[in-house]
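K.L.:
Each chain is listed here by its residues.
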Amino acid sequence: MILDGKAPTGRIEESWDKYRFDLKLVNPANKRKFKILVVGTGLAGASAAATLGELGYNVETFCYQDSPRRAHSIAAQGGINAAKNYPNDGDSIYRLFYDTIKGGDFRAREADVWRLAQVSNNIIDQCVAQGVPFARDYAGYLDNRSFGGAQVSRTFYARGQTGQQLLLGAYSALSRQIKAGTVKLFARTEMLDLVVVDGEAKGITIRDLVTGEIRTHVGDAVVLATGGYVNVFYLSTNAMGCSVTANWKAHKKGAYFANPCFTQIHPTCIPQAGDYQSKLTLMSESLRNDGRIWVPKKKEDCNKPANEIPEEDRDYYLERKYPTFGNLAPRDIASRAAKEQCDEGRGVGPGGRGVYLDFAASIKRLGENVVRERYGNLFEMYERITDEDAYKQPMRIYPAPHYSMGGLWVDYNLMSNIPGLFVLGEANFSVHGANRLGASALMQGLADGYFVIPNTIAGYLATTKPGKVKADHPEFKKSVEEVHGASKKLLGINGKKTVTEFIRELGTTMWEDVGMARSKESLTKALQKIPAIRKEFWENVKVSGKGEELNQQLENAGRTADFLEFAELLARDALHREESCGGHFRVEHQYPDGEAKRDDANFCYTAAWEFKGIGKEPELHKEPLKFENVHLAVRSYK
Amino acid sequence: MSAHASEHGTMNLKLIVWRQAGPNEPGRFETYDAKGITPHHSFLEMLDVVNEDLIKAGKEPIVFDHDCREGICGACSAVVNGVPHGGYKRTTLCQLHMRKFKDGDAIYLEPWRARAFPIIKDLMVDRGALDRLIQAAGWTSAHTGGVPDGNSTPIPKRSADYAMDAAECIGCGACVAACPNGAAMLFAGAKVSQLNELPQGQVEAPERVAAMVQAMAENGFGNCSNHYECQAACPKGIDVKFIARLNREFRKALVLDKVGALTKSAKAE
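From first to last, the protein sequence lines stand for chains A and B. Heads up, the first sequence stops at 638 in full-length UniProt numbering, and the numbers go up one at a time, no gaps. Heads up, the second sequence stops at 269 in full-length UniProt numbering, and the numbers go up one at a time, no gaps.
Please note: incorrect hints may appear among the correct ones.
Here are the simulated DSS-like cross-link-like pairs (lysine-lysine), alpha carbons at most 30 Å apart as the crow flies [to be verified]: (1) 392/A x 102/B; (2) 56/B x 489/A; (3) 488/A x 59/B; (4) 546/A x 59/B; (5) 252/B x 179/A; (6) 364/A x 14/B; (7) 497/A x 89/B; (8) 535/A x 59/B; (9) 59/B x 496/A; (10) 304/A x 102/B; (11) 102/B x 56/B; (12) 535/A x 14/B; (13) 497/A x 35/B; (14) 59/B x 489/A; (15) 364/A x 35/B; (16) 258/B x 497/A; (17) 253/A x 18/A; (18) 14/B x 546/A; (19) 184/A x 89/B.
Don't read these hints as lab results, they were simulated from the structure. Just so it is clear, the structure is predicted and the values come from calculations on it, not from any experiment.
In isolation and in its complexed conformation, chain A is listed as follows:
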């Protein structure tokens, strides 16, 4: 099947404004008759729920955390892009659009990316009005810095806590609506099923994580803003609770999953220290503005302290290989280059899985105080974890799974192929292509939530009757029974291995065989291993306690069960895509110098998979991608 992304045609500069004008509107008096369920309260979910509530819709919002303020968007450090061109360095909406298309290795839809670049400017204004304390210069104007993949300074930031401040802004807007009664918040709840009635999304089934109660919520539309799935690798920079569950359940109910193999490995994370480790911590990419990345030229120097290695014996490999972008090369390129150095035996730190991120030159040039002002909290965080003082010795960094560019397939309206099911932010696949540029995730979350969904959801609601489906519809009962059945099954196995042992085993397979470098051979191996782990899981997992109570083991078991199914799809997608692009690197497809080799003749499309049953081959649908404004070209940062 050829999928229609409904992207507007014509001049791209006018595409969103024209499309928005043509969208249907919902009469203000009718808005309150519609109920919208918003799942997830990160940047995308909180901004969507707040804005839809403000517009007059009846909103119910759900999060698994105890408060919307804890969504993992809070952990984003570096910044948010906008095409304001305040620094007068030649930025424009077109340039932001161009950088994003190119950065994503030509695997994103042009119209969606244009819209993102266009509304990026509104986001900054909105956040300032909410009292987000962005960094300012001494004249009182907003300050900017640069990020990977760009040569202009377009990144707005709030120290090293930009995600936190933007999320708190959205959370405060949400809180205001909760007070006003337009939004009802259900914290500590997890979505465990999507209810589809006559082909349309009309509700969700949730588990109350405190009481264990399983119940349904009915709505006229469902908005998923549930984040990404890179915890499928077990060790990642995501919060412990991040899962694929909501997306996977929707997928099993018919929503197509697009480009699951596009996962971002972030180049600047603190390396793993031991086997017990539960997660990896990211160090903001903004550090690459002032930090220089190097490894020893000689293998025998790797165990020496950094300060004993003279300048001429250091290989500043990013600056050497990519003189134009240097340390600010895009994430996929920087990650792969780091792995290459370590694979050659020139890595530093425990197990040789690390490269240096060195601030000595900047401290000399700017003074320690300036560096402290810019990145102080990041240095502090690094010190907490490693017990090393990065003002005195270089940081050690290594790539780690960080962000999913794949997600549920959506059209230009952010609606999945199931009418009434909308997907926002990291949970959808839309704007990043095969690689996400720095400071663009926060931008997408807020663009979708504040400025896109409030317009496009009306297009759907205007075609449907409010309250079309009632809670007594048999689909709701069926869904509750299914969810009950799944919990009972997990609790009844009473095997010998813990949930953590299974997710670790899955993660190891994923990282080794489906990670930064994939081959037909490794993927085929993974596709044998994953079903075997899944089989053992359902025979031998140990989940104690009851379903009708707070049971963190049961929560983790459910999320792991979904990862065990989803992992297979991810590996399958990676196997089918016989090319390298962005974060997806197939070792069979590279240029002699090791750069990723795209195949536009055969793979210039979005792969959208239809669920056909567990362990069964899913059906591939393609959405061809057209590049009319940025011409397909070899992506070079040299």
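Position chain B relative to chain A; hints supplied.
P.N.:
Using the frame of chain A, we list chain B on its own:
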């Protein structure tokens, strides 16, 4: 510090943990062994090890709140040896590493204890009261869309920095747990100071502080009596000067007669 700890290789510790099945159930301390812990384990990773052992032994694992494990989401919340987050400066529990402990140490673990935070289970408490404080007025009434350009109102760097210092609060509630009165004034003070400092928040400044102070009383928080334990426990180093600011803002609101409802309810008590 780390050199000292790593000489030990792995450590064995004794955990004395508060276990409570539900809000209305009796609680008690139980003792567990944490074995084979390295100095690089974070405190929560140490608890993971203990929980894996408990699960394998067919016992109920210890319930605790956690999520990002990088010190920013504010979910982790336990009192370690009598101090929220364990008492190291600017360190959340998830960022506390076992290199700060010695082989053979006995560690006491308890939930946040405050009237406004009912216990849910073991170390997990309900901090919904903090959300209700923000819902009361911890926002500006900016409507989505239609706001002016971000640079239309210059904000002095010192104000932006001051607001950011206040805005760093992660809402973990350690300040409440550390306070002998269970006050949330550091939390509320930080939010009021951030928003009231900025031009965008000044329009609603008196109403904001009045509503938030009233919400503190309604949600079972006590009042500040200058013990400064909140600042000592705060993993983000939020300064008590923001409590002073809260008090100043409150007095301003009184003068402007924005606190009518509050004074009435205070009299009724």
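K.L.:
Look at each hint and say if it fits the structure.
P.N.:
Checked hints:
1. 392/A x 102/B: holds, 27 Å
2. 56/B x 489/A: Distance of about 19 Å is within 30 Å: holds.
3. 488/A x 59/B: holds, 19 Å
4. 546/A x 59/B: This hinted pair holds, its Cα atoms lying about 13 Å apart.
5. 252/B x 179/A: Holds. Residue 252/B to residue 179/A sits at ~24 Å (cutoff 30 Å).
6. 364/A x 14/B: violated, 47 Å
7. 497/A x 89/B: Violated, at roughly 38 Å.
8. 535/A x 59/B: With Cα atoms ~25 Å apart, residue 535/A and residue 59/B stay inside 30 Å; holds.
9. 59/B x 496/A: holds, 13 Å
10. 304/A x 102/B: Roughly 29 Å between the alpha carbons, so the hint for residue 304/A and residue 102/B holds.
11. 102/B x 56/B: This hinted pair holds, its Cα atoms lying about 26 Å apart.
12. 535/A x 14/B: Roughly 37 Å between the alpha carbons, so the hint for residue 535/A and residue 14/B is violated.
13. 497/A x 35/B: holds, 19 Å
14. 59/B x 489/A: holds, 20 Å
15. 364/A x 35/B: violated, 45 Å
16. 258/B x 497/A: With Cα atoms ~60 Å apart, residue 258/B and residue 497/A exceed 30 Å; violated.
17. 253/A x 18/A: Since the Cα atoms of residue 253/A and residue 18/A sit roughly 33 Å apart, the hinted pair is violated (cutoff 30 Å).
18. 14/B x 546/A: Given pair residue 14/B, residue 546/A holds - Cα atoms ~28 Å apart, limit 30 Å.
19. 184/A x 89/B: With a Cα-Cα distance of about 37 Å, the restraint between residue 184/A and residue 89/B is violated, given a limit of 30 Å.
Hints 6, 7, 12, 15, 16, 17 and 19 from the earlier list are contradicted by this structure; the remaining hints agree with it.
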